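Dock chain P against chain F, hints included.
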Amino acid sequence: MIVEIGHYALVLALALTLFQATVPLWGAIKRDSALVALGPYAAIAQLLLIGISFAALTHAYLGSDFSVANVYQNSHTLKPLIYKWSGVWGNHEGSMLLWVLILALFGAGVAIFSRNLPDDILGATLAVQAMIAAAFLAFLLFASNPFLRLAPAPFEGRDLNPILQDPGLAIHPPLLYLGYVGYSIVFSFAAGALIVGRIDAAFARMLRPWNLVAWITLTLGIAMGSYWAYYELGWGGYWFWDPVENASLMPWLTGTALLHSAIVMEKREALKIWTILLAIITFSLSLLGTFLVRSGVLTSVHAFAVDPERGLFILIILIAFIGGSFTLFALRARAMESGGLFAPVSREGALVLNNLFLAVASLAVLVGTLYPLALEGVTGQKISVGPPFFNLTVVPLMLPLFVAIPFGQRLAWKRGDLLGVTQRMGLAIGLSFIATLIAAYYIGRGPALAIVAIGLGIFILLASLDEIRERAMRGGTSGALRRLIGLPRTFVATALAHAGVGIMVIGIAFTAFEKEAILSMKPGESVKLGEYTLTLRGIAPYTGPNYTSTVARFSVHDGTREVAELRPAKRVYIGRQMPTSEVGRHRVGFSEVYVAIGETSDGAHVDLRAYWKPFVTLIWLGPALMALAGLLSLTDRRLRVGAPRVAARRPERLEPAE
Amino acid sequence: MTRKQKRLAILGGFGLVLVSALALILTGLRDQIVFFRAPSEVVAGKVKPGEAFRLGGLVEQGSVQREPNQMVRFRVTDGPNTIAVTYQGLLPDLFREGQGVVAEGKLDASGAFTASTVLARHDENYMPREVADALKKQGHWQPGKAEGAPKP
Numbered sequence: 001m002i003v004e005i006g007h008y009a010l011v012l013a014l015a016l017t018l019f020q021a022t023v024p025l026w027g028a029i030k031r032d033s034a035l036v037a038l039g040p041y042a043a044i045a046q047l048l049l050i051g052i053s054f055a056a057l058t059h060a061y062l063g064s065d066f067s068v069a070n071v072y073q074n075s076h077t078l079k080p081l082i083y084k085w086s087g088v089w090g091n092h093e094g095s096m097l098l099w100v101l102i103l104a105l106f107g108a109g110v111a112i113f114s115r116n117l118p119d120d121i122l123g124a125t126l127a128v129q130a131m132i133a134a135a136f137l138a139f140l141l142f143a144s145n146p147f148l149r150l151a152p153a154p155f156e157g158r159d160l161n162p163i164l165q166d167p168g169l170a171i172h173p174p175l176l177y178l179g180y181v182g183y184s185i186v187f188s189f190a191a192g193a194l195i196v197g198r199i200d201a202a203f204a205r206m207l208r209p210w211n212l213v214a215w216i217t218l219t220l221g222i223a224m225g226s227y228w229a230y231y232e233l234g235w236g237g238y239w240f241w242d243p244v245e246n247a248s249l250m251p252w253l254t255g256t257a258l259l260h261s262a263i264v265m266e267k268r269e270a271l272k273i274w275t276i277l278l279a280i281i282t283f284s285l286s287l288l289g290t291f292l293v294r295s296g297v298l299t300s301v302h303a304f305a306v307d308p309e310r311g312l313f314i315l316i317i318l319i320a321f322i323g324g325s326f327t328l329f330a331l332r333a334r335a336m337e338s339g340g341l342f343a344p345v346s347r348e349g350a351l352v353l354n355n356l357f358l359a360v361a362s363l364a365v366l367v368g369t370l371y372p373l374a375l376e377g378v379t380g381q382k383i384s385v386g387p388p389f390f391n392l393t394v395v396p397l398m399l400p401l402f403v404a405i406p407f408g409q410r411l412a413w414k415r416g417d418l419l420g421v422t423q424r425m426g427l428a429i430g431l432s433f434i435a436t437l438i439a440a441y442y443i444g445r446g447p448a449l450a451i452v453a454i455g456l457g458i459f460i461l462l463a464s465l466d467e468i469r470e471r472a473m474r475g476g477t478s479g480a481l482r483r484l485i486g487l488p489r490t491f492v493a494t495a496l497a498h499a500g501v502g503i504m505v506i507g508i509a510f511t512a513f514e515k516e517a518i519l520s521m522k523p524g525e526s527v528k529l530g531e532y533t534l535t536l537r538g539i540a541p542y543t544g545p546n547y548t549s550t551v552a553r554f555s556v557h558d559g560t561r562e563v564a565e566l567r568p569a570k571r572v573y574i575g576r577q578m579p580t581s582e583v584g585r586h587r588v589g590f591s592e593v594y595v596a597i598g599e600t601s602d603g604a605h606v607d608l609r610a611y612w613k614p615f616v617t618l619i620w621l622g623p624a625l626m627a628l629a630g631l632l633s634l635t636d637r638r639l640r641v642g643a644p645r646v647a648a649r650r651p652e653r654l655e656p657a658e
Numbered sequence: 001m002t003r004k005q006k007r008l009a010i011l012g013g014f015g016l017v018l019v020s021a022l023a024l025i026l027t028g029l030r031d032q033i034v035f036f037r038a039p040s041e042v043v044a045g046k047v048k049p050g051e052a053f054r055l056g057g058l059v060e061q062g063s064v065q066r067e068p069n070q071m072v073r074f075r076v077t078d079g080p081n082t083i084a085v086t087y088q089g090l091l092p093d094l095f096r097e098g099q100g101v102v103a104e105g106k107l108d109a110s111g112a113f114t115a116s117t118v119l120a121r122h123d124e125n126y127m128p129r130e131v132a133d134a135l136k137k138q139g140h141w142q143p144g145k146a147e148g149a150p151k152p
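Chains as they are written, first to last, in my numbering: chain F, 1 to 658; chain P, 1 to 152.
So here's chain F without its partners, still in its complex pose:
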């Protein structure tokens, strides 16, 4: 019964989105605020309906209702509660339901914080958001319905893919989807502004909080996914340049570019066309990512439950939205005259440089990801484009961008003074030089390029933090603390986010100095990893709630002192008879000892892969700091959601091109 209510709520939601996609739009075009006013109600009702639907599916999972095909295929009565819960989105249908739920969440968010939005833009934005929702609700109902029943109902489910039975599943997909789908509202704003024909600094202001929310969650989602792959797969890697990873990186790159170009649009009324274009491109890349991930047209190691026929449906949605928005863009492009001239060496210039490199890097990732598809379509040859390609293209594009960060954030608007900026960074440059020398001394021998990269990371980190110090100390030490607290939060956020980039660069550069040992060991044997010694103590079987496992017990010695005991394991899940690895890790500061075991065929030996990974956690702490900085920026009082109604005060400078 509850399952049917969920199904029915989804049908109602589809009908409601069709209403929301047309009526407020008509109101926006005809300047009828009564019609526009219906939009927010529809958006909130839509969220409620999809929420009911999601709750119904969750209920079926928690109660292990195997008469629902989706639950049967992805759940098991023995599965721990948290995985019954997170298993709702651990499969294709459920994850698409989560997709539309988040879509509705953002629509309702705009509706709730709509008080200060101009009527016409609100109506058009909600209508575009509803069009996206309608397309994906139709996709859910007609091509991937999670509520289909099985008769007779099986006694036991087929269990969730064991790799997904990890707390990571509870957090990673929702975060990633919040980011992916969050760009839908950015897209809707851009399309709405294009429909209304009013694109100005006020628009950049309206866009800002939503853009930030999407960026924060996408940043966290990608970092979380990388961390999850690192400890769950047992390969010791954190990024594989896999198509599914690239699919999330592309919108992140253009989204980050958008975050920067929108600042120029907001402050200087320049880069309008480019900003709108980036908003459209970013969501298009999100849709492309959804298509690539869900259709399985590309071979990926992270592919779960793919289905090519459903892929075609998403491809049609993709083409319709990209085609439609670009047509709209082409029609309105002439109405967007740019203002604000600036010198090449200026804050604007630096932000343009940032955009150039991010966009080109995104292009390189796109080409590398789609090239195998194109080549196979044209010549029938099957190829794979792997890490060597991306390391050759993306890394050289990112390095100049990283070097430019500390300079760019110090340049003045309109006309900057590069020499003066460099002089002001004297302290930071000197300190990072010394720190790099010290680091190089401790590391000893190693690839020179990696040491340079560590130095670059330290420089970005110190120069960013130094800017906060410099601003606080301006005008003497007295009252520095008061000035520090009084600094605009957006300013502090910029510096912190850039410091996060530096931290991440340091972490990535240090992977060049990791120690690896792949070998076979008997109990009692030891292996040296950097300064640590790993000794196998014993191998024992263990039985968990829905798996059996072989656990190896290792002790970690620092010199003669035992510092930790690690218990990496090989699990075999009962439901699917599928083996997975559980990694054993010991953290020392920001560094880690990492052990994964393989088969124990004869019972006496165990094959293992062990690493010493210096400063590896910085790779994820950096992005975490970036996201935190984004959150800080979001709380800036001057720029809160629904901030001052700039649109009302400014005369309309652009007439709609009708």
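Honestly, I wouldn't trust all of these hints.
The calculated DMTMM-like cross-link candidates involving lysine to aspartate or glutamate, where the alpha carbons are at most 25 Å apart (straight line), are [unchecked claim]: (1) P:106 with F:516; (2) F:528 with P:60; (3) P:46 with P:31; (4) P:48 with F:376; (5) P:106 with F:242; (6) P:48 with P:60.
Here are some chain F residues pointing at chain P (derived, C-beta under 8 Å) [to be verified]: (7) 360; (8) 379; (9) 381; (10) 384; (11) 397; (12) 579; (13) 609.
Read the hints as simulated data drawn from the structure, not as lab findings. Values in this document were obtained by computation on a predicted structure and should not be read as measured data. We put the beta carbon where it would ideally sit given N, CA and C, even for glycine.
Only chain P this time, still in chain F's reference frame:
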């Protein structure tokens, strides 16, 4: 600098970045890609010794031999043809006889394949698409065999 010169300088800089990025991408696409080959294609002589490629097919039943020092020998088949593979290292969790596999490596002069990596999948029902295509070509593909589940 006059305004025109300035604009030219900016455009020139843009052009430089774009051109070098495109050069990087094109070089990468020429040198850094790996072809996918089925055993039959390898037997037909489509691959030169020493050229890196991806070999895909099924792990032949009863062919896996584990030796000391984590050496593994197995054979990859697409039905009519098989290629012997040696690999040193940890095999992925889902490596099994009779299952699909993709191994990246090179042929030596004698025609034996030494793998540098053996690729894993996260889902036991998931067959790498290239492998599925290669098997279909040889008429060995039975879709849904691994499923065995009632369909709604």
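So, going through the hints one by one against the coordinates:
Proposed proximity of residue 106 of chain P and residue 516 of chain F is supported: the alpha carbons are some 23 Å apart, at most 25 Å. As the CA atoms of residue 528 of chain F and residue 60 of chain P are separated by approximately 37 Å, the hinted pair breaks the 25 Å bound. Taking the CA atoms of residue 46 of chain P and residue 31 of chain P, the gap is about 18 Å. The hint holds against a cut of 25 Å. With a C-alpha separation of about 21 Å, the suggested pairing of residue 48 of chain P with residue 376 of chain F holds against the 25 Å cut-off.
Annotation: proposed proximity of residue 106 of chain P to residue 242 of chain F holds, straight-line Cα distance about 22 Å (limit 25 Å). About 24 Å separates the Cα atoms of residue 48 of chain P and residue 60 of chain P, which keeps this hinted pair within 25 Å; it holds. Of the supplied interface hints, the one on residue 360 of chain F holds, with its beta-carbon coming within about 4 Å of a beta-carbon of chain P, less than 8 Å. The interface hint given for residue 379 of chain F is broken, as the beta carbon of that residue sits about 11 Å from the closest beta carbon of chain P, more than 8 Å.
Interface restraint check for residue 381 of chain F: the shortest CB-CB distance to chain P comes to about 7 Å, inside 8 Å, so the restraint holds. Residue-level restraint check for residue 384 of chain F holds (minimum Cβ-Cβ distance to chain P is 5 Å; threshold 8 Å). The criterion of a C-beta within 8 Å of any C-beta in chain P is met by residue 397 of chain F, whose closest approach is roughly 6 Å, and the hint holds. Proximity of residue 579 of chain F to chain P holds as hinted, the smallest CB-CB distance being about 5 Å (cut-off 8 Å).
Residue-level restraint check for residue 609 of chain F holds (minimum Cβ-Cβ distance to chain P is 5 Å; threshold 8 Å).
Going down the numbered hints, you'll see the structure goes against 2, 8, while the others check out.
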